[in-house]
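*Asks:* Sequence:
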Amino acid sequence: MTEKQGESSQLANCDHIPIIDLSTLDSPHLEERQQLAQSIYDNHGIPDEMVKEIHNAAERFFGLPEEQKMTFYIGNSPKFRGYSPLGSEKSTGTDDDPIAPEDAVSALSEAFDIGYETAMDNQKSKTDPLPRDPYQLYGDNQWPDQDTLPGFSRTYIEYCSLVLGLCRKMMRIFALALDLPEGHFDSMVQDPGVTSRMMHYPPQPVKEEVREGLGAHTDYECFTILSQGSVPGLQERYSIPFFFGVDYDATISVLPNHITNERPACTEPFKAGEWVREKLSKAYVGYEG
Numbered sequence: 010m011t012e013k014q015g016e017s018s019q020l021a022n023c024d025h026i027p028i029i030d031l032s033t034l035d036s037p038h039l040e041e042r043q044q045l046a047q048s049i050y051d052n053h054g055i056p057d058e059m060v061k062e063i064h065n066a067a068e069r070f071f072g073l074p075e076e077q078k079m080t081f082y083i084g085n086s087p088k089f090r091g092y093s094p095l096g097s098e099k100s101t102g103t104d105d106d107p108i109a110p111e112d113a114v115s116a117l118s119e120a121f122d123i124g125y126e127t128a129m130d131n132q133k134s135k136t137d138p139l140p141r142d143p144y145q146l147y148g149d150n151q152w153p154d155q156d157t158l159p160g161f162s163r164t165y166i167e168y169c170s171l172v173l174g175l176c177r178k179m180m181r182i183f184a185l186a187l188d189l190p191e192g193h194f195d196s197m198v199q200d201p202g203v204t205s206r207m208m209h210y211p212p213q214p215v216k217e218e219v220r221e222g223l224g225a226h227t228d229y230e231c232f233t234i235l236s237q238g239s240v241p242g243l244q245e246r247y248s249i250p251f252f253f254g255v256d257y258d259a260t261i262s263v264l265p266n267h268i269t270n271e272r273p274a275c276t277e278p279f280k281a282g283e284w285v286r287e288k289l290s291k292a293y294v295g296y297e298g
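Quick note, the sequence shown lines up with residues 10 to 298 if you use our numbering.
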């Protein structure tokens, strides 16, 4: 996404999505990486063929009969992993405009969620154990077997490993943008709080009342990498967001170099996993995982 710095205010009304070129993400020159930190990405390094493969995998999964998809039902998982049928998720609004649970509208989409596992992390061995998990958010993905969807888990893990590597690099760029050492966040993304989901927005009958496929909401992690189909914006029939966050056991607090007498800390420190689990618990209808 290529965007001049002075145009960043256009983000506020969402009428224009900037494109930022990531080709200097691995530049050996600190100045180029610092300049990138001030902008927001094209040339991300995920091969087009890989993007096509993961979207084909999504179409194959959502093309399964409903009763077969329900064998991977998210309610069977204590860790929010698996299939969410149409209408089973509710948007709770944005941080600035929250929606009361009783007023939340069900999503016109179905989804399949997976979480972080060491197989998708090039910094780890597949045999490395997952970290302690007091918030029940790591691992235990509900993968379709080879007979049901040949190559599905392999494709998804390969895709996630590429995006995970990109996200770690972006965290270093964000550190520079915050006037911090480039590796400031490295220790907080050793076992990152990652969720990726395939989403399908089925065609809806034409009605006088217009409804969004998924209502306005604020994501729960640090940032989201969204792989879209060929339709601009968020109106595509399939999308694959990758939600990247810090380790669930990491403590989140306001950066000391951004606290002043005139601008004190806006929140008390809290654990990332506690925050994410609370938000997820409110998002799903009748979730008892």
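These are calculated hints, taken from the structure and not from any lab test.
Predicted, not measured: the structure shown is a model, and the values here were computed from it.
The reader is advised that the hints may include incorrect statements.
Lysine-lysine pairs mimicking DSS-like chemistry, simulated, CA-CA at most 30 Å apart [unchecked claim]:
{"hint": "1", "residue 1": "61", "residue 2": "135"}
{"hint": "2", "residue 1": "280", "residue 2": "135"}
{"hint": "3", "residue 1": "78", "residue 2": "135"}
{"hint": "4", "residue 1": "61", "residue 2": "133"}
{"hint": "5", "residue 1": "178", "residue 2": "78"}
{"hint": "6", "residue 1": "178", "residue 2": "133"}
Ranges of calculated distance between the beta carbons of each label pair, as one might list FRET restraints [said to hold, decoys possible]:
{"hint": "7", "residue 1": "72", "residue 2": "136", "range": "15 to 25 Å"}
{"hint": "8", "residue 1": "149", "residue 2": "228", "range": "31 to 41 Å"}
{"hint": "9", "residue 1": "228", "residue 2": "192", "range": "37 to 47 Å"}
{"hint": "10", "residue 1": "65", "residue 2": "274", "range": "38 to 48 Å"}
Note that CB positions come from ideal geometry on N, CA and C, so glycine has one too.
*Asks:* Do residue 149 and residue 228 keep their Cβ atoms within the hinted range of 31 to 41 Å?
*Replies:* 22 Å, violated
*Asks:* Hint check: residue 280 vs residue 135, CA-CA at most 30 Å. Holds or violated?
*Replies:* 26 Å, holds
*Asks:* Do the alpha carbons of residue 61 and residue 133 lie within 30 Å of each other, as the hint requires?
*Replies:* With a Cα-Cα distance of about 26 Å, the restraint between residue 61 and residue 133 holds, given a limit of 30 Å.
*Asks:* For residue 228 and residue 192, compare the CB-CB distance with the range 37 to 47 Å and indicate the outcome.
*Replies:* 25 Å, violated
*Asks:* Residue 72 and residue 136, beta-carbon distance inside 15 to 25 Å?
*Replies:* 34 Å, violated
*Asks:* Is residue 78 within 30 Å of residue 135, Cα to Cα?
*Replies:* Holds: residue 78 and residue 135 sit about 27 Å apart, inside 30 Å.
*Asks:* Verify the proposed pairing of residue 178 with residue 133, using a straight-line Cα cut of 30 Å.
*Replies:* 16 Å, holds
*Asks:* Sort out whether residue 135 lies within 30 Å of residue 61, counting only the CA atoms.
*Replies:* 25 Å, holds
*Asks:* Within a Cα-Cα threshold of 30 Å, do residue 178 and residue 78 meet the stated pairing?
*Replies:* 35 Å, violated
*Asks:* Measuring from beta carbon to beta carbon, are residue 65 and residue 274 in 38 to 48 Å?
*Replies:* 46 Å, holds
Consistency with the previously given hints fails for numbers 5, 7, 8, 9, ordered from lowest to highest.
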